[in-house]
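Protein chains in written order, with the numbering used here: chain A, 9 to 446; chain B, 9 to 446.
By construction, these hints were calculated from the structure, which means they are not laboratory data. There's no promise every hint is true.
Pairwise CB distance ranges, derived in the manner of DEER restraints [said to hold, decoys possible]: (1) Ser240(B) / Glu192(A): 44 to 50 Å; (2) Glu361(A) / Ala30(B): 44 to 50 Å; (3) Ala429(B) / Glu192(A): 36 to 42 Å; (4) Pro227(A) / Met75(B): 43 to 49 Å; (5) Pro399(A) / Arg232(B): 40 to 46 Å; (6) Glu200(B) / Ala127(A): 50 to 56 Å; (7) Gly197(A) / Glu37(B): 44 to 50 Å; (8) Ile391(A) / Glu102(B): 56 to 62 Å; (9) Phe70(B) / Thr23(A): 57 to 63 Å; (10) Gly197(A) / Glu102(B): 55 to 61 Å; (11) Thr381(A) / Ala30(B): 56 to 62 Å; (12) Met351(B) / Ala243(A): 39 to 45 Å; (13) Arg34(A) / Ala30(B): 43 to 49 Å.
In the DSS-like style, the derived pairs of lysine-lysine whose C-alpha atoms are separated by at most 25 Å in a straight line are [stated by the list, open to error]: (14) Lys182(B) / Lys281(A); (15) Lys244(A) / Lys431(B); (16) Lys431(A) / Lys244(B); (17) Lys281(B) / Lys182(A).
Some chain A residues near chain B, calculated using beta-carbon distances under 10 Å [stated by the list, open to error]: (18) Ala233; (19) Gln242; (20) Glu270; (21) Tyr306; (22) Gly312; (23) Ser346; (24) Gly363.
Ideal placement from N, C-alpha and C gives every residue a C-beta, glycine not left out.
Protein chains: 2
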Amino acid sequence: MSAQPLRVGLAGLGTVGGGTWAVLARNAEEIRRRAGRSIAITAVADLDAAKAQTLTKGSARFTADAMALAKDAEIDVVIELIGGYGFAKEFVLEAIRQGKHVVTANKALLAIHGNEIFAAAQAKGVMVAYEAAVAGGIPIIKALREGLTANKIEWIAGIINGTTNFILSEMRDKGLAFSEVLKEAQRLGYAEADPTFDIEGIDAAHKATIMASIAFGIPLQFDRAHIEGISSLQAKDIRYAEQLGYRIKLLGITKQHANGVELRVHPTLISSKKLIANVEGAMNAVWVKGDAVGHTMYYGKGAGAEPTASAVIADLVDVARTLAIDSGHRVPDLGFQSAEIVMRSVVPIDEIESGYYLRLRVRDQPGVLADITRALADGGISIDAFFQREPDEGADETDVVLIAHRCIEKKMRDAIRKIEALKTVLSEVVVLRLESFS
Amino acid sequence: MSAQPLRVGLAGLGTVGGGTWAVLARNAEEIRRRAGRSIAITAVADLDAAKAQTLTKGSARFTADAMALAKDAEIDVVIELIGGYGFAKEFVLEAIRQGKHVVTANKALLAIHGNEIFAAAQAKGVMVAYEAAVAGGIPIIKALREGLTANKIEWIAGIINGTTNFILSEMRDKGLAFSEVLKEAQRLGYAEADPTFDIEGIDAAHKATIMASIAFGIPLQFDRAHIEGISSLQAKDIRYAEQLGYRIKLLGITKQHANGVELRVHPTLISSKKLIANVEGAMNAVWVKGDAVGHTMYYGKGAGAEPTASAVIADLVDVARTLAIDSGHRVPDLGFQSAEIVMRSVVPIDEIESGYYLRLRVRDQPGVLADITRALADGGISIDAFFQREPDEGADETDVVLIAHRCIEKKMRDAIRKIEALKTVLSEVVVLRLESFS
Chain A
9 MSAQPLRVGL AGLGTVGGGT WAVLARNAEE IRRRAGRSIA ITAVADLDAA
59 KAQTLTKGSA RFTADAMALA KDAEIDVVIE LIGGYGFAKE FVLEAIRQGK
109 HVVTANKALL AIHGNEIFAA AQAKGVMVAY EAAVAGGIPI IKALREGLTA
159 NKIEWIAGII NGTTNFILSE MRDKGLAFSE VLKEAQRLGY AEADPTFDIE
209 GIDAAHKATI MASIAFGIPL QFDRAHIEGI SSLQAKDIRY AEQLGYRIKL
259 LGITKQHANG VELRVHPTLI SSKKLIANVE GAMNAVWVKG DAVGHTMYYG
309 KGAGAEPTAS AVIADLVDVA RTLAIDSGHR VPDLGFQSAE IVMRSVVPID
359 EIESGYYLRL RVRDQPGVLA DITRALADGG ISIDAFFQRE PDEGADETDV
409 VLIAHRCIEK KMRDAIRKIE ALKTVLSEVV VLRLESFS
Chain B
9 MSAQPLRVGL AGLGTVGGGT WAVLARNAEE IRRRAGRSIA ITAVADLDAA
59 KAQTLTKGSA RFTADAMALA KDAEIDVVIE LIGGYGFAKE FVLEAIRQGK
109 HVVTANKALL AIHGNEIFAA AQAKGVMVAY EAAVAGGIPI IKALREGLTA
159 NKIEWIAGII NGTTNFILSE MRDKGLAFSE VLKEAQRLGY AEADPTFDIE
209 GIDAAHKATI MASIAFGIPL QFDRAHIEGI SSLQAKDIRY AEQLGYRIKL
259 LGITKQHANG VELRVHPTLI SSKKLIANVE GAMNAVWVKG DAVGHTMYYG
309 KGAGAEPTAS AVIADLVDVA RTLAIDSGHR VPDLGFQSAE IVMRSVVPID
359 EIESGYYLRL RVRDQPGVLA DITRALADGG ISIDAFFQRE PDEGADETDV
409 VLIAHRCIEK KMRDAIRKIE ALKTVLSEVV VLRLESFS
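Produce the entire structure from the sequences given, and follow the hints as far as they go.
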């Protein structure tokens with residue numbers, strides 16, 4: 009396995025470029041343990057030299073000419089975060105011509121010029137990795153290209169544009185008109201100054217086009233996609249749909265069809281009981297139906313600096329592992345290189361912190377609750393909620409239920425011993441843990 | 009790229025073995041286009057010769073002695089679906105000793121003997137693939153080992169046992185006691201005759217142990233896991249929790265902790281607003297928090313013949329691709345080998361079938377609805393639901409909303425033209441598509 013760092017040239021220091029730099033720096037050790045070698049951004053390209061200086065503090069070579077990166081003999085992989093499909097295309101093709109591997113987050117570029125780019129990469133024997141191009145940090149490309157290879161994919165339906173999902177969620181939640189929510193989204197940074205690509209469904213169509221090709225093994229055909237956005241959607245239709253048990257989502261849909269494949273993006277009513285109907289705000293989710301696996305769904309952040317960087321860097325690790333392939337082990341058994349597995353002991357349950365649900369059977373008499381809450385307070389445990397059931401007709405005992413704030417398990421066990429010793433508490437306390445995952 | 013089929017020996021012809029055989033046969037062509045070569049089960053082992061004959065119809069060599077498969081020089085990969093960790097361990101270690109790659113769905117084996125097995129595989133330079141060992145058809149091992157490599161994983165929380173999730177869902181839905189629902193689950197085949205491993209959380213702990221090692225790069229430490237099952241859970245606690253806004257799920261949790269890692273399985277209250285709280289029935293879901301990507305979630309069937317086979321076969325495709333590695337391309341750009349990309353045209357929107365939501369502005373007078381439904385009926389379109397709003401005070405017009413049954417788009421467009429020509433219909437019909445994805 010090579011001890012040399014993988015030398016990466018990063019073109020484009022916008023949001024995602026900055027996130028990629030930051031995550032690679034912060035998690036360098038973790039990433040090296042997984043990839044089997046260091047991954048180092050050795051050169052960056054951006055029109056803004058000051059921005060590059062602020063980001064890299066001079067720790068990577070700088071050029072204002074991205075094309076120079078593509079030709080740089082000291083670089084193994086380029087990351088294309090330039091955007092658009094004019095210069096970005098020339099840049100990627102040049103990098104391929106120079107025998108460099110390419111990582112890109114550029115869905116528009118691939119949806120429109122992917123056939124040409126992949127053919128060039130194939131001919132040159134280099135990798136073009138693009139996990140970040142669809143659904144940001146969600147590893148959906150990997151799921152489709154590798155995880156579901158046993159299946160005939162029947163259809164894919166995805167919430168693959170966070171801007172529009174945010175707008176639709178807000179329209180529903182607050183009963184506001186599209187134009188009002190769009191302004192709010194722009195203010196919050198969820199929508200761009202020119203939001204056309206997002207709100208008219210074009211961005212989602214780029215992503216659906218890519219997923220269709222992977223699902224069905226067909227060339228990229230963006231120009232054949234049927235695209236409708238959400239800009240003419242009225243708040244009252246969202247409300248009426250809800251009254252009938254549906255939510256409206258902008259879905260990218262691709263499906264096997266007797267005469268070919270379906271490829272379409274449009275606002276779609278879905279039963280509010282479906283898990284995907286409950287994906288709210290700027291989150292993304294891709295729902296995939298395979299003939300063997302049945303329904304699967306992949307959920308996460310579809311945009312943003314670090315979620316997108318997560319996908320860009322996963323591609324770099326894939327490239328590093330593939331280049332270092334050795335005795336059949338591209339991916340280490342446990343994800344980390346075997347020499348990098350480090351013992352960390354499992355923490356005893358006593359030391360673990362969680363919230364708690366407590367149910368107590370108590371005598372229905374004054375002061376019971378005071379005794380219980382006192383025992384908890386003495387242990388430094390606060391109560392988030394409680395209720396006491398009305399005793400059944402003629403009964404003199406009842407249930408008390410408490411939700412206790414997060415604390416160390418040992419503390420809770422001590423408090424419970426005291427509570428169980430109370431004369432008014434009639435049986436063992438039922439204790440369940442509660443997690444907020446926030 | 010090798011044109012020889014990958015020769016697979018399948019040990020264990022139970023539910024998953026049968027599913028693997030069936031899916032590999034049914035999707036042989038799709039799988040070959042993805043893997044770059046055929047994947048052929050050339051030999052099977054099972055104690056039951058008649059079962060083997062029924063399944064393979066003599067198209068694969070048969071042995072009653074699985075160990076003979078492990079030593080078979082004509083086999084490249086063995087699939088271990090024997091179960092347990094006695095003989096299965098000997099079988100896997102022998103196969104590794106013989107230089108064969110191993111695919112297994114055996115979580116107990118890996119959670120308990122994984123360190124030894126992976127060390128043996130490492131020394132011999134063979135792959136041990138085990139996507140099917142955690143969460144069945146959901147490609148969660150791939151997501152953790154490859155998709156999220158940029159991240160410090162902060163925690164994982166998974167519904168990773170379908171039996172217990174089914175039981176908890178039914179207890180909540182129907183207000184029944186654990187023992188009653190367990191019987192129902194056994195009758196429906198969701199629980200085994202001896203359900204101990206599932207209901208006591210042991211199976212979930214095997215899976216959580218494996219995920220912890222991948223997430224944190226630590227040895228497998230099943231014996232240190234804290235395990236509580238659901239057999240003593242009472243229906244009233246599920247009800248009380250719900251009144252407080254929580255659902256109870258059996259979660260496998262692993263977390264970074266100042267002093268090591270947490271590794272625990274227990275019933276857990278989670279806010280019913282969380283997506284994972286709404287994963288019902290026998291479905292699985294794994295929720296992962298990474299420092300860069302944020303929250304991601306992976307959802308699907310965690311058990312069953314074909315969902316598990318989906319993961320087993322994905323591992324075979326990974327092995328085939330890795331063995332055939334050529335000019336840096338382990339995974340083809342679009343998931344299918346480039347020579348296997350086949351043109352399929354995109355179907356025009358007119359020919360696509362979906363359900364429809366229609367909103368019409370109509371004059372509030374008798375016969376309006378009859379005219380509209382007549383126009384739809386003439387087009388052969390049935391109506392699933394409709395409502396008419398009360399007109400606003402003093403107004404003589406109102407909204408009618410209809411949900412129309414699935415039909416071809418062209419039919420719907422024709423019907424709408426007729427509807428828009430009605431004198432009582434006052435503006436263009438608002439048309440949105442509706443999908444049931446069932």
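Here's how the hints hold up against the structure:
Under the hint 44 to 50 Å, the C-beta atoms of Ser240(B) and Glu192(A), about 49 Å apart, fit the expected range. Distance hint check: the CB atoms of Glu361(A) and Ala30(B) are about 47 Å apart, consistent with the given range 44 to 50 Å. At about 39 Å, the CB distance of Ala429(B) to Glu192(A) agrees with the hint of 36 to 42 Å. Checking the proposed 43 to 49 Å range against Pro227(A) and Met75(B) shows it holds: the Cβ atoms sit about 48 Å from each other.
Distance hint for Pro399(A) and Arg232(B): a CB-CB separation of about 44 Å, consistent with the stated range 40 to 46 Å. Between Glu200(B) and Ala127(A) the C-beta distance comes to about 51 Å, which sits within the given range of 50 to 56 Å. With their beta carbons about 47 Å apart, Gly197(A) and Glu37(B) fall inside the hinted range of 44 to 50 Å. The hinted window of 56 to 62 Å between Ile391(A) and Glu102(B) holds, with their beta carbons roughly 58 Å apart.
A hinted range of 57 to 63 Å holds for the C-beta pair Phe70(B) and Thr23(A), which are about 59 Å apart. At roughly 58 Å, the beta carbons of Gly197(A) and Glu102(B) sit within the given window of 55 to 61 Å. Between Thr381(A) and Ala30(B) the beta carbon distance is about 59 Å. The supplied range of 56 to 62 Å therefore holds. Between Met351(B) and Ala243(A), the C-beta spacing of about 42 Å keeps the proposed range 39 to 45 Å intact.
A hinted range of 43 to 49 Å holds for the C-beta pair Arg34(A) and Ala30(B), which are about 46 Å apart. For the hint linking Lys182(B) to Lys281(A), the alpha-carbon distance of about 18 Å falls within 25 Å, and the restraint holds. Taking the CA atoms of Lys244(A) and Lys431(B), the gap is near 23 Å; set against the 25 Å cutoff, the hint holds. Between Lys431(A) and Lys244(B) the alpha-carbon distance is near 23 Å, which keeps this suggested pair within the 25 Å criterion.
Taken as a hint, the Lys281(B) and Lys182(A) pair is honoured in the structure, with Cα atoms around 18 Å apart against an allowance of 25 Å. Because the closest C-beta pair between Ala233(A) and chain B is about 7 Å apart, less than 10 Å, the hint holds. A hinted interface residue such as Gln242(A) counts as satisfied when its beta carbon comes closer than 10 Å to some beta carbon of chain B; here the least separation is about 7 Å, so the hint holds. Hint on Glu270(A) holds. Least Cβ distance to chain B is approximately 5 Å, under the 10 Å limit.
Hint status for Tyr306(A) relative to chain B: holds, with the closest Cβ pair at about 6 Å, below 10 Å. Given the 10 Å rule on beta carbons, the hint for Gly312(A) holds: about 8 Å separates it from the nearest Cβ of chain B. A distance limit of 10 Å between C-beta atoms decides the matter here; for Ser346(A) the minimum to chain B is near 5 Å, and the interface restraint holds. A cut of 10 Å between beta carbons decides the hint on Gly363(A): the least distance to chain B is about 7 Å, and the hint holds.
Going through the hint list in order, the structure satisfies each hint without exception.
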